[in-house]
Amino acid sequence: MKSLLLITTSLFCLQQANAQEKLSIDKVYKMSLRNAGTIIADEQIKGYYYFFMSDKIDKRTNEYTLQIVDANLNKLKDIKFQDSKKIVLLESSFNGSSMVFMFYDDGENLLDYRIYNLEGKQTYTYSKVLDKRSEAYFKQAVSQRDDEESENQNIFDITNKGFVSITQLRENKKYTYDVNFYSSDKKRTWTYNPIEDGKFTTAQYLGANDSIALIEVLSRDKMMSKEMESTILGINLSNGRKAFEIRTQDGKNQLYPMNISTLKGGNSFLVIGPYFEGNDRVMQDKSDGIGIWEMNNQGKILRSKYNSWAKDMSKHLKIDQKGRVADLGYVFFHSLQQTEDGKLFAIGEGYRKTANAAGIAMTILTQSYSNVTKLVVTDMLLLELNSQFELSNATIYEKNNNNFSIPGADFANAHTLALVAKAYGAFDYSYTQAGKNHASFTTTYTDYERSKDYKGLTLNSISYYDGKVTKDKINLKSSAKWVSFLPAKQGSVLIMEYFKKDKRLDMHMEKLN
Amino acid sequence: MNTKTLLTIILVNISFTGLFGQVSPNFPSNPAFEQKTIDAITKQYQKDIQNIQGPNKKYIADIYKERFTYIKEKFSKKEILSDDEAQSYLDKLTNEILKKNSVFKAEDVRILFSRSYVPNASSMGEGTIFFHIGLFHRLQNESQAAFVLCHELAHYYLDHTDNGIQKYVATVYSDEFQKELKKIQKTAYGRNNQLEKLAKNMMFKNRRHTREFEQSADSMAIELLKNTNFDVREALSCLALLDSVDRDKYHSGIQLEKQFNFSSYPFKKSWLNDDDLKFAVSKDEEAKKEEDSLKTHPECSVRIERLKERVNSFYKTNSKQFVVDEKKFNHLKNAFDYEIIKYAFESKNFSKGIFLGLEMQGAHPDDIIVRTAIGKGLNEVYKHQKDHTLGKIIDLPGPEYERSYNDFLRLLQNLRLTEVAALSYYFLAQYKTKNDLNEEYVQALIESADHFEKFGEKQDWIDYYKKNFH
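Chains as they are written, first to last, in this note's numbering: chain A, 1 to 513; chain B, 1001 to 1470.
For reference, chain B alone in the conformation it holds in the complex:
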């Protein structure tokens, strides 16, 4: 086979579906399970639609339809992790809770792993609960995972979501509210200010109810958890952990100036130039009060304080942090470190994927999977920047992000095309003498050498690839 054909095969095969190849923890999807779950969700949706009653049936049905579409999209976007092993473990965790709490019927709930890196879990209200691996991989033990599940199950049992929908529709489409809107509509002056006031009042009420729901979900979660063999005290440690969950798991691992500094290509301080227009973020008391009123969750410290006494009274000495399978828990927790990076790339958020990789590399500098992923991510940045589609796959710096992520985004904004090629090449090249070179790594190195116009070296690596992997 000639070099050109081989190179084509190598470059075509570089994709993020095959990013981690067979070497890394792998979670193959289970299409049959996914279809079965979608069928169950669809059946539930149809049942819910049939059961709607009252004068606002149409509006509630519209919201249910939106919810149904939202859930189905998670499957079409490959966000659901349907691997047998992981799903089986999650089912076992859940069953530990369900078998000790007869208020639930196992067939009514569908608990699924989402591959999202966002540290969150959510109950959709119709029986589907998503447990993000971005949260799971932060937890310390099964009891904490069980508390998260109990909290979401509590939302479902207490019908918070559907109550919220009913309340919203009943408010917005009530005669009183409609009369108020019509009155405002006829006003010639000050119309928008009146509408803003109305919307704000509604939102404050809504958010207050949401915080009340969170409080009652916490409370019921303790009641559910105490019936199991899990350590109920881990509910408090889980909440304490959630307080810092906005910072990534390996947030202290990132050191851009070190990770992108090479003897042949030193780091340039100008890459981190920040010329952005800034406004002082000073809020007056009124604004702070408003911000507090719009929060959906009470502060973690408040939540802990409310539950502390009951938790301590419910604690059983024979309860355990791990009940189902400690080894499996730790295996998944570690494997999800890679999976969140993989999914970030698959969902075309390359800036997040590379960033998560750089953070992890700081903690695990010898991890070939992570460094290959970073190199491949940078290769993708090069290609998209060249094609002027980079803006579609990376985030722009923004106040909602952590400082370190903003620094990285700024770096991406300031890099010229040749600098991207150089960084990718030198980053990968620093590992080329190691003994653990795998196929993906060599593919990435070939591509980066091509971008950086190191054609002689590229040919050497193609020959290496031919000899060792083809």
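Bound conformation, chain A alone:
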């Protein structure tokens, strides 16, 4: 037995020697991509970043490389630094003269905002500590976010001045937020802390003009309360003080802001969203139409226009008694674009609540509860309004329906479900990119086609340029093992194709027509 073992061992060693391959630098070198994202300025994609873990320094410290490429995929800069192995890069933004990268250090419960100039040198760092409660809440908010590469959720650029960040916080039993400003031209920061009483409050950044940052605040007394108060908060960018805070009420109409557009060269801005008459409950009832306000920096409504489903929209679209566009259902507005020629475009997507046949069957068969309703995502809608905010055109872009269900769907109304669906990326809408000076824009959305000519995913676009609206489509299926796309500079999309046999990833920028 001993001799057999010896032979076996010798054979094993011999095999090992023969199998021993020579090493090369690229085989030993290991770098891992932590994440990648877009660099956004003024709602336009200006470039991309890749965040690598490029080396281990010690037990607690890694070396990271932040690689910045421009919108044409040319590498601009590699920024190397050492930091805790527990950091995560969340978002990036560019304000025309500086770039910010928002990190979260899980070990220190710290949000770190690092600002770099155009030479790739770090100029300022701002930190914010989150307490345990806020940390948990923050992490939950981050994990649920719509991971669209083209829309920031937490950090936003203020041209050549700095960046605004909104952080969702938890203070004892209150769910609240704060707004922070981080200057990029000097070391300066301010924080706005709202004063709320026993409320569940969330805040969403709407936009900014030269002097005011605009936040939409939704407040409820309790998390599950159906009564919701909607306000627009204006914060003075120079000192972080409240410029105004107004309920989105205009006479008998309540507006539920979904989007804003700042008017260039002026101090006013536009707010758009569904409106509700009288005491209608925002989260409960159907909306009465689409409202638009022009407001100034003092929060005064300068002019308003309400385009009702029943009267105004019905001239262009078929509307039923429940305020739903026939076949489209309710409308969730993803984006509002004011173009250089004074027109206003609202890009929406239809949805409706419907019976979930599988859920019903499961409920009956198993005698235990399953979701019996689901959200059906329908077609795209483009509203065109003139400079008087009057509806001049409405176009439906048909696509195949998508179903979406989450636990608890039966207990949520269609509007709440739509908000959740948006957060989970269930809509087919991808992104909207505006061109320089907002002379044009392109909206993209996906669709899965099943025709005899083509079966597969498509990327569709609606573009406005030179006074005309055009539609385009790219079939994403190819001979590659997989195909994906990323938002790119306005009018383009970055298509990635992976060819498994050749171990090759092809990336090419294609223009949308």
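Please keep in mind that the hints were generated in silico from the structure rather than gathered at the bench.
Because the structure is a prediction, the values reported are computed rather than measured.
A couple of the hints might just be wrong.
[To be verified] Computed cross-link-like contacts, DSSO-like style, restricted to lysine-lysine with a CA-CA straight-line distance of at most 30 Å:
#, chain 1, residue 1, chain 2, residue 2
1, A, K353, A, K75
2, A, K473, B, K1182
3, A, K503, B, K1077
4, B, K1268, A, K471
5, B, K1182, A, K503
6, A, K500, B, K1078
7, A, K80, B, K1200
8, A, K22, B, K1092
9, B, K1077, A, K501
10, B, K1078, A, K501
11, B, K1348, B, K1258
12, A, K471, B, K1392
13, B, K1348, A, K500
14, B, K1058, B, K1182
15, A, K80, B, K1205
16, A, K343, B, K1269
17, B, K1077, B, K1100
18, B, K1058, A, K22
19, B, K1047, A, K473
20, A, K121, B, K1197
21, B, K1036, B, K1105
22, B, K1258, A, K473
23, A, K503, B, K1269
24, B, K1078, B, K1092
25, A, K173, A, K242
26, A, K353, A, K311
27, B, K1179, A, K86
28, A, K86, B, K1186
29, A, K30, B, K1348
30, A, K399, A, K455
31, A, K59, B, K1105
[Said to hold, decoys possible] Stretch-level coverage of chain A by chain B, calculated; a stretch enters the list once three of its residues show a Cβ under 8 Å from a Cβ in chain B:
#, segment
32, 247-261
33, 374-380
34, 396-404
For every residue, glycine included, the Cβ atom is placed at its ideal position computed from N, Cα and C.
Based on these hints, arrange chain B on the given structure of chain A.
Then chain B, alone, in the frame of chain A:
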């Protein structure tokens, strides 16, 4: 024949194989010559493989195989210009050098024209030398061409390529290097930094050797050239020319705002919008030093300085700038202006092809071949943009390109589909009243009218085509 059938024939016939038709300088390929050359290359490759010795035989063989595949691909991609006339001339140029320098055997070397627009020449190390027409068409005389050939022959004679391969393999697969790699592999921390240091050191050494090779190739090239009847002083003028070779031959000819400005369709400044994210390109001393160390060639001015004295001492008063055939040299030099555009299109680099055409048009505004090529190129841009495959046939703006090329690439990025159709149509239409309309031009105009939805005019041109060319 009905209009629809005729239109189909016209549109199907529009290809870049037939881009320049019979009117332009034409270089038909010689399949028999190409096959004979491939056979010779294959024979050499097999011989080289058999002759490898030493412990790293396998790794050297792998590199030789890569080289062999690389060379063969140039034939399959139709990059080799095997036209009898051009090849015959190149052979005569080469023979002038070989007959006066007995160190070479003519059968060991294969000197070929490459249709690439890149101004370069390269010695593969196994006897094949590529002389890019993108360099040839920039030269001023045969003596400069002879210096380029001598330089590449010197690389071959001094065995620089194979020495480089041997050195690389001996370094990377040496026990010492492998031990170092294993040691780094076992390191828990700072591994990549150590590897980067190791790789950088290796690259610096490699590049230093490459620069030394270039220096010795220059030196030997002078020795070879001085034995011929070519003017050895042209080696210095050739190096001076290489200093500016990154700018295209007709680089001053391009004026986008003028060339794409039409009374019915004025140029839009927004087409040149540059919104790109930019980082300041400031390098510290350390970075500059590193960049210098990574160069493969010494600066041209340094090369000239090193050779000046010997060149002047070797100059013979009875030497000439042209020895073989001045007329043929100039004919090829001019004909290659078109060939590089043609090959750019054939190799699916339409942005480069159109750009080269626009540059040339600036210098030769009445050249119908060039303006037809530009129009056809724009038609292709339209078709690919419509089909969402434009990204596969044009370059994206990048820091490695000249400013004027980047401007043109930016223009292509900013143009909407209807604008591409319009530019192509108006660009071609400005010449429609001229007397020198040829078949390709009319085909291009028909296609552009179709894209721009000028259906009435399209029909008129189809009728014209039927009457004059069909």
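Kindly indicate which numbered hints from before are broken by the structure, ordering the numbers from low to high.
1, 2, 8, 17, 19, 22, 23, 27, 29, 31, 32, 33 and 34
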